[in-house]
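What follows is the residue order along each chain.
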Amino acid sequence: MKFLVCISHVPDTTTRITFTPDGKAFNTAGVQFIINPYDEMALTRALELKETLGGTVTIINVGPLATEPTLRKALAIGADEAIRINAEPTDALFVAEEIAVIAKNEKFDIVFGGRESIDYNGAQVMGMIAEFMEIPSVVIATKLDVVGTTATLEREIDGGKEIVSVNLPFVVSAQKDFAEPRIPNMRGIMSARIKSLKVVEPTNTLKPTSSVAFQTPPPKSECKMISPEHPEELIQLLHTEAKII
Amino acid sequence: MSILVYAETWDGKFKKPSFEAMTYAFELAKTANDTVTAVVIGPASEDELKRAGEYGCSKVLHANDSKFVSFCPSAYTAVLADCATSENAKTIVFSQTYSGKSVAPRLAAKLKAGLVSGAISLPSSSEPFVVRKKCFSGKGFTDVQVSSDIKIIAVFPNAHHIAANSVSVTIQTINPAIADALFNTKVNEVKKTSGKIVLTEAEIVVSAGRGMKGPENWGMIEELADALGAATACSKPVADMGWRPHHEHVGQTGITISPNLYIAIGISGAIQHLAGISSSKVIVAINSDKEAPFFKIADYGIVGDAFQIVPKLTEAVKQLKSSH
Ligand SMILES: Cc1cc2nc3c(=O)[nH]c(=O)nc-3n(C[C@H](O)[C@H](O)[C@H](O)COP(=O)(O)OP(=O)(O)OC[C@H]3O[C@@H](n4cnc5c(N)ncnc54)[C@H](O)[C@@H]3O)c2cc1C
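Those protein sequence lines, which keep their order, are chains G and P. Residue 81 in my numbering sits at position 81 of the first sequence, with consecutive numbering throughout. Residue 249 in my numbering sits at position 249 of the second sequence, with consecutive numbering throughout.
Pulled out of the complex, with its shape left as it was, chain G reads as follows (with noise of 0.2 Å):
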C-alpha cells in the first residue's frame, strides 16, 4: 500500500512568538522548527500501518530548502522517501493543489496529515487536498483500521465522536490519540542521510490569500487578587465588574 504524509515544517511548541518590526512577517530569528506535532502523529500511524499491511511512506512537504532538516527528522522517524515542492506554502489552498496533483498521478492509497499546523492554524489543507483529488476526507480523526480496501475510523464531532467507514483512496488529518509518536533512533538517523529526498517545482500559481499582517495579543492589564479568606468576592466580581456571570 502507498501511503502519503504530509508535514509542515513549524516553530517549537515553547517558541515565544514575535513579528518583524513592520507587523508584515513572522520572525523566525532564533526559533527552533519541528515536524507538525499532528502531522508526527500521523506520519506514526502511516508507520504503524505500513509494518502490517506493507508498503512504502512518502512523506511531502511545499516550503523552501529551510524546511529540509525537519525532512530528515521524518526520515529519521521511519518515512521511506521524501518529496519537497519548492515554494513558499503561503496560501492553503496552492499548498493542496500542489500535493493533490502528485498524491493523485502516483496513486496514493491514504493521504495523511495532521487536524491544523500549529502555526497558522488553517485545519483547511487536508479537506483541499480531498476536493481536488475527488475522494473522501475524514478530518480530525482519533483512531485508523484498515481491513482491505475499507478504512474504519473515529473522528471527533461537536459533542461527541462518530464512527465512518470510507473505501480507499482518501484523505485523513490525525487529531490527539491517533498515534504515540516515535523517537528516533540512532540507525533511523543515520540511514535518513541517504534517504531519496526529492525536490520538485510548483506547477500551480492560484493563490487566493495572503497574511498581509500580524500582531501580538495586546498586553494584558494586571491580575486582580482576591484573598483565599474569600472567595465569594470573586463570583461579586465576576458578577458586578466583568458581568459575565
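Hints are computed from structural coordinates only; laboratory data are not their basis. You may find that some hints are simply not true.
[As the list claims (entries may be wrong)] Listed below are the simulated DSBU-like cross-link pairs for lysine-lysine, each with C-alpha atoms no more than 35 Å apart in a straight line:
| no. | chain 1 | residue 1 | chain 2 | residue 2 |
| --- | --- | --- | --- | --- |
| 1 | G | Lys243 | P | Lys110 |
| 2 | P | Lys112 | G | Lys143 |
| 3 | P | Lys318 | G | Lys24 |
| 4 | P | Lys318 | G | Lys161 |
| 5 | P | Lys110 | G | Lys73 |
[Unchecked claim] If you want the ones that stay clear, here's a sample from chain G, every Cβ over 12 Å from chain P, calculated:
| no. | residue |
| --- | --- |
| 6 | Pro11 |
| 7 | Arg16 |
| 8 | Ile17 |
| 9 | Gly30 |
| 10 | Leu47 |
| 11 | Glu97 |
| 12 | Ser191 |
| 13 | Ile194 |
| 14 | Glu201 |
Backbone N, C-alpha and C define an ideal beta-carbon position, used for all residues, glycine too.
Starting from the structure of chain G, add chain P with the ligand where the hints point.
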C-alpha cells in the same frame, strides 16, 4: 446576489454557532446592502427553520432528502456549491466547528475560493477584503487578505456575538442532484458525550489540572461547573493519566476554546496550555503557588488551596443565582 451561511443543525435544531454565523453574515450583508440565505442540510422542522429569520436570514434553502440524514463532507460540499451558484453568492459564512472544518475547505477547493478559517471579527475592509484570525495557536493575530471572486469565512465559535435581527423569511425545499459517488462516507455510529454542554461552544469553562491530585477529586470541579452552567476541561497531563477523558484536554495539542470565562484550577499555566485558552474573554486562576505563570495572563486570581476555595465558590454561585 446574497451572502450564504451554512447553518448546521444537531438533532434537527440549529446549533449555537449557527446563530453566531447567521449574525455575522447579517452584519456583513448590511454593509454591502445584501441579504442572507441560510443553507440547511438534513432534517429540521418548519418551525425550527423559521428561527433563521429571527437572526437575519431572509431565505432558507433546505436540502431535506433522506440521503442527507447522515453527514458526508463530499455530498454536503456539493449541495453548498449548488446553492452558491443558484444564489450567485460571493461570500459564504461557516462556523469553524468540526463540521465546518470538514466542509469549508472542500468547498473552497471546489469553488477555487480563498478561505479564512477561525475568523474573529468582521472584515476590516471590503476592498481589499481583509479578515482577522488567530495564528500560532492564539499567540498572535493575522490579517488575511482574500483576492478570489468567491470568499469563504469560517467564524471561530464564541468569537462573534448572537443578535436578534428579525426579518421575514421564506423557506424553500431544495433537491439538488448529487451524484451517488459523492455519498462516499458511511456513518456507522454517533457517540454523544452525554447531555453535557459542548466544550467548544461553552460560554463558561471550569478547567482543572494536576493540582487536583487525582480523579477522585473532580466532584467539586463538576459541582462548580454545574452551578455556573459551565463545561469542564483539563490540562494535558490530566488527560494523559486518564483522570479525565481526552476530549476535555485543552491547549496546543488539545482543543482551542474561546469562552467568555475560563476558570483554571490547579493548572500551572504552561505556554502550551495557554495557547488553547488565551483568547478567553476573562480568565481566572486559582493556584497555591503565587509564582504560577497563569497569574501573568489571568484577570482575576486567588492564591490558595483549591480544595478549600472551590466548594466556597460553588456556594457563592448558588447564592448569587438564588437571589436573582
Ligand atoms: C509538545 C507539547 C505539547 C503540549 N501540549 C499541551 C496542551 O495542549 N495542553 C496542556 O495543558 N499541556 C500541554 N503540554 C504540557 C505542558 O507543558 C504542561 O506540562 C502542562 O500543561 C502542565 O499541566 P498542569 O498545569 O495540570 O500540571 P503542573 O504543571 O504539574 O501544575 C499543577 C499546578 O497545580 C498547582 N497546585 C498544586 N496543588 C494545588 C492546590 N491544592 N490548590 C491549587 N493549586 C495547586 C501547582 O502550584 C501547579 O501550578 C504540552 C507539552 C509539550 C512539550
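Here's how the hints hold up against the structure:
no. : hint                  : result
1   : G:Lys243 <-> P:Lys110 : violated, 44 Å
2   : P:Lys112 <-> G:Lys143 : holds, 31 Å
3   : P:Lys318 <-> G:Lys24  : violated, 49 Å
4   : P:Lys318 <-> G:Lys161 : holds, 33 Å
5   : P:Lys110 <-> G:Lys73  : holds, 34 Å
6   : Pro11                 : violated, 7 Å
7   : Arg16                 : violated, 8 Å
8   : Ile17                 : violated, 4 Å
9   : Gly30                 : holds, 15 Å
10  : Leu47                 : holds, 19 Å
11  : Glu97                 : violated, 8 Å
12  : Ser191                : holds, 28 Å
13  : Ile194                : holds, 32 Å
14  : Glu201                : holds, 21 Å
Checked against the numbered hints given earlier, the structure breaks hints 1, 3, 6, 7, 8, 11 and satisfies all the rest.
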